[in-house]
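Chains as they are written, first to last, in our numbering: chain V, 11 to 125; chain C, -16 to 91.
None of these hints come from the bench; they were simulated from the model. Incorrect hints may have been included.
Restraint-style ranges between C-beta atoms, simulated for each label pair [as the list claims (entries may be wrong)]:
#, chain 1, residue 1, chain 2, residue 2, range
1, C, K78, V, S93, 38 to 44 angstroms
2, C, K90, V, K51, 16 to 22 angstroms
3, V, E97, C, G(-8), 26 to 32 angstroms
4, C, S15, V, L84, 20 to 26 angstroms
5, C, K28, V, E73, 26 to 32 angstroms
6, V, D75, C, G37, 27 to 33 angstroms
7, V, E73, C, K(-15), 39 to 45 angstroms
8, V, A82, C, K90, 47 to 53 angstroms
9, C, R42, V, H95, 31 to 37 angstroms
10, V, T27, C, D22, 26 to 32 angstroms
11, V, S64, C, R42, 27 to 33 angstroms
12, V, L36, C, A50, 22 to 28 angstroms
Each computed SDA-like pair below joins lysine to any residue, with the alpha-carbon atoms no more than 25 angstroms apart [claimed, not checked]:
#, chain 1, residue 1, chain 2, residue 2
13, V, K51, V, T41
14, C, K25, V, K65
15, V, K74, V, S64
16, C, K28, V, E32
17, C, K78, V, L122
18, C, K74, V, F101
19, C, K74, V, C23
20, C, K28, V, R121
21, C, K(-15), C, S51
Owing to the predicted nature of the structure, the values given are computational and were not obtained by experimental measurement. We put the beta carbon where it would ideally sit given N, CA and C, even for glycine.
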Amino acid sequence: GAVVSQHPSWVICKSGTSVKIECRSLDFQATTMFWYRQFPKQSLMLMATSNEGSKATYEQGVEKDKFLINHASLTLSTLTVTSAHPEDSSFYICSADNSGNTEAFFGQGTRLTVV
Amino acid sequence: RKEVEQDPGPFNVPEGATVAFNCTYSNSASQSFFWYRQDCRKEPKLLMSVYSSGNEDGRFTAQLNRASQYISLLIRDSKLSDSATYLCVVKRGNKLVFGAGTILRVKS
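Given these sequences and hints, build the entire structure.
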């Protein structure tokens, strides 16, 4: 199946700093990528839809100025958590659609801990 | 009310047991349906798609009832390696909506 690579797999940062997470589709072009967040014992919640060459679409309640998304190429989307706070600590996962395929392919996830 | 509801479990079963998970969804515009498996601290992985006609993949059988907006997963002859969280997922447009998952623990 298609491969989506996410980096880093885990990060610990100080409160107030920014963290960038990368999501790459390795063997296909992804015009659309999705960013999710998962808190312990909860479901994956869609944060935003990342569209190549245009602005991301954010879900209700997700601050676009705090979670900056850039999708500058067909194989790379980045999520930057700006001015991170402990409540931003979570598991962040990206996925990409391989056009014409109903299956979504997920990155390995990034566990963010803000101290 | 959540758009996709699942019994969180945990379901504790012995090896070899048959276990069934249920899921309901509230949005009738949902178009595609899936079961994903998620191991602790890992990304979800597709287990199988779900069709109205029912589909089977080895020990796993999935069923969709569109009229009742109900999805099921049956696991036969449970293995220790089946221990995981099983996520019921519906696709609406290009978005996936996840249930919170059902925890399965298979014990020897």
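Hints and how they fare:
1. The supplied range of 38 to 44 angstroms is broken by K78 of chain C and S93 of chain V, whose beta-carbon atoms lie about 28 angstroms from each other.
2. Checked against the given bound of 16 to 22 angstroms, the beta carbons of K90 of chain C and K51 of chain V, roughly 21 angstroms apart, stay inside it.
3. Here the CB-CB span from E97 of chain V to G(-8) of chain C is close to 27 angstroms, well matched to the stated 26 to 32 angstroms.
4. Separated by about 24 angstroms at the C-beta atoms, S15 of chain C and L84 of chain V satisfy the suggested range of 20 to 26 angstroms.
5. Remark: the range hint 26 to 32 angstroms for K28 of chain C to E73 of chain V is upheld by a beta-carbon distance near 30 angstroms.
6. At about 47 angstroms, the beta-carbon gap between D75 of chain V and G37 of chain C misses the expected band of 27 to 33 angstroms.
7. The hint said 39 to 45 angstroms for the Cβ distance between E73 of chain V and K(-15) of chain C, and at roughly 22 angstroms that hint is violated.
8. Evaluation of the 47 to 53 angstroms hint for A82 of chain V and K90 of chain C yields a pass: the beta carbon distance comes to about 49 angstroms.
9. Evaluation of the 31 to 37 angstroms hint for R42 of chain C and H95 of chain V yields a failure: the beta carbon distance comes to about 44 angstroms.
10. The hinted window of 26 to 32 angstroms between T27 of chain V and D22 of chain C holds, with their beta carbons roughly 30 angstroms apart.
11. Separated by about 44 angstroms at the C-beta atoms, S64 of chain V and R42 of chain C break the suggested range of 27 to 33 angstroms.
12. Checked against the hint of 22 to 28 angstroms, the C-beta distance between L36 of chain V and A50 of chain C comes to roughly 41 angstroms, which is inconsistent with it.
13. Pair hint K51 of chain V plus T41 of chain V does not hold up; C-alpha atoms about 31 angstroms apart against a cutoff of 25 angstroms.
14. The straight-line distance between the Cα atoms of K25 of chain C and K65 of chain V is roughly 28 angstroms, outside the 25 angstroms bound, and the hint therefore fails.
15. Of the supplied pair hints, the one linking K74 of chain V and S64 of chain V holds, its CA atoms being roughly 14 angstroms apart against a limit of 25 angstroms.
16. For the suggested pair K28 of chain C and E32 of chain V, the alpha carbons sit about 19 angstroms apart, so the restraint of at most 25 angstroms is met.
17. For the hint pairing K78 of chain C with L122 of chain V, the CA-to-CA distance comes to about 24 angstroms; that is within 25 angstroms, so the pair holds.
18. Among the hinted pairs, K74 of chain C with F101 of chain V is consistent with the structure: their alpha-carbon atoms are about 21 angstroms apart, no more than 25 angstroms.
19. Using a Cα cut-off of 25 angstroms, the hinted pair K74 of chain C and C23 of chain V is violated, with the two alpha carbons roughly 34 angstroms apart.
20. Pair hint K28 of chain C plus R121 of chain V holds up; C-alpha atoms about 17 angstroms apart against a cutoff of 25 angstroms.
21. About 16 angstroms separates the Cα atoms of K(-15) of chain C and S51 of chain C, which keeps this hinted pair within 25 angstroms; it holds.
Hint compliance for this structure: hints 1, 6, 7, 9, 11, 12, 13, 14, 19 are not met, and every other hint is.
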